[in-house]
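Colleague: Listed below are the residues making up each chain.
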Amino acid sequence: DQQVKQNSPSLSVQEGRISILNCDYTNSMFDYFLWYKKYPAEGPTFLISISSIKDKNEDGRFTVFLNKSAKHLSLHIVPSQPGDSAVYFCAASAYDFGNEKLTFGTGTRLTIIP
Amino acid sequence: NAGVTQTPKFRILKIGQSMTLQCTQDMNHNYMYWYRQDPGMGLKLIYYSVGAGITDKGEVPNGYNVSRSTTEDFPLRLELAAPSQTSVYFCASRLRQGTNQPQHFGDGTRLSIL
Chain A
1 DQQVKQNSPS LSVQEGRISI LNCDYTNSMF DYFLWYKKYP AEGPTFLISI
51 SSIKDKNEDG RFTVFLNKSA KHLSLHIVPS QPGDSAVYFC AASAYDFGNE
101 KLTFGTGTRL TIIP
Chain B
1 NAGVTQTPKF RILKIGQSMT LQCTQDMNHN YMYWYRQDPG MGLKLIYYSV
51 GAGITDKGEV PNGYNVSRST TEDFPLRLEL AAPSQTSVYF CASRLRQGTN
101 QPQHFGDGTR LSIL
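Here the protein sequences come in this chain order: A and B.
Going by my numbering, 6 is the number at position 6 of the first sequence; the sequence numbering is gapless.
Going by my numbering, 73 is the number at position 73 of the second sequence; the sequence numbering is gapless.
Simulated from the structure, these hints should not be mistaken for laboratory data.
Hints may contain errors.
Partner residues are not named here, just some residues of chain B that face chain A (Cβ under 8 Å, in silico) [claimed, not checked]:
| id | residue |
| --- | --- |
| 1 | G40 |
| 2 | M41 |
| 3 | G42 |
| 4 | L43 |
| 5 | L45 |
| 6 | G53 |
| 7 | D56 |
| 8 | A82 |
| 9 | F90 |
| 10 | Q97 |
| 11 | T99 |
| 12 | F105 |
| 13 | D107 |
In the SDA-like style, the derived pairs of lysine to any residue whose C-alpha atoms are separated by at most 20 Å in a straight line are [unchecked claim]:
| id | chain 1 | residue 1 | chain 2 | residue 2 |
| --- | --- | --- | --- | --- |
| 14 | A | K71 | B | T99 |
| 15 | A | K54 | A | N67 |
| 16 | B | K57 | A | K68 |
| 17 | A | K101 | B | P61 |
| 18 | A | K5 | A | M29 |
| 19 | B | K44 | A | N67 |
| 20 | B | K9 | B | L114 |
| 21 | A | K101 | B | Q97 |
| 22 | B | K44 | A | Y95 |
| 23 | B | K44 | B | S84 |
Owing to the predicted nature of the structure, the values given are computational and were not obtained by experimental measurement.
Glycine included, C-beta positions come from ideal geometry on N, C-alpha and C.
Starting from the given sequences, assemble the full structure and let the hints guide the process.
Modeller: Here you go:
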C-alpha cells in the first residue's frame, strides 16, 4: 500500500525553464510534507517542507504547493539549473503513538538539459 | 562538519554471514533512524531510536537488530544475511521531532548478499 506516490519516474527539462515534480498521497493524517534531493552515491538532503495548514511555501528558486482536497503536492523549480539534476523524493510525516515517522515516495529523476 | 557518517560504503556478504553497519553522528541529535532503499522504491524505515537506550521497530525490521548505547552511535546488525537484504542502507538523525527539524542523512552503505 503506497501511501505516497510519485508517478513520474523521470523528467527532463531544458535549462532555464520550470521543473514541476508531482506527488500524491492517500493518508489524511499526514501533517507535513518534505522534498529531499539525492545525488548519486550520496544521502538525501533536505530541500523544502510545507505544513498541512499551508498551501504554499517558497525558498529561493524552490516552491512547494499543497492541495489538501486533492491530496497532491508539487515542487516547482524556477529557473532550472544543471546542478538541479538529481533524484527528488517526496516524503510525508505522521505521528504513530507519539513518534513521528516519514513515508517516502519512490522518487523522480530530474535531468536538466543544458 | 562530519554530520552523519556511515561505514562501510560498500560490502559484499555471503548468505548466512553476519555484519554490522556503523552509523555515527556528531550533532548531538537525539533521534536516529535506519532506512533501506531498494531499486525503484522509496526509503523504508527499519528501526529508529529516540535517545540512548531506546529503540523501536519501523516498517521493515525483520532480519535486523539495533542498539543505541551512546547518543552518537546507532549500529545496525544483520545476523543471517539473506539475498532479500541486498539494498542501500541509509542512516539519518535529527535533534527533535517537528516541522522544522528535517532528518540529516549519511551517504549510505551499499550491501550485496550473494
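Colleague: Mind listing which of the numbered hints don't hold for this structure, in increasing order?
Modeller: 6, 8, 16 and 19
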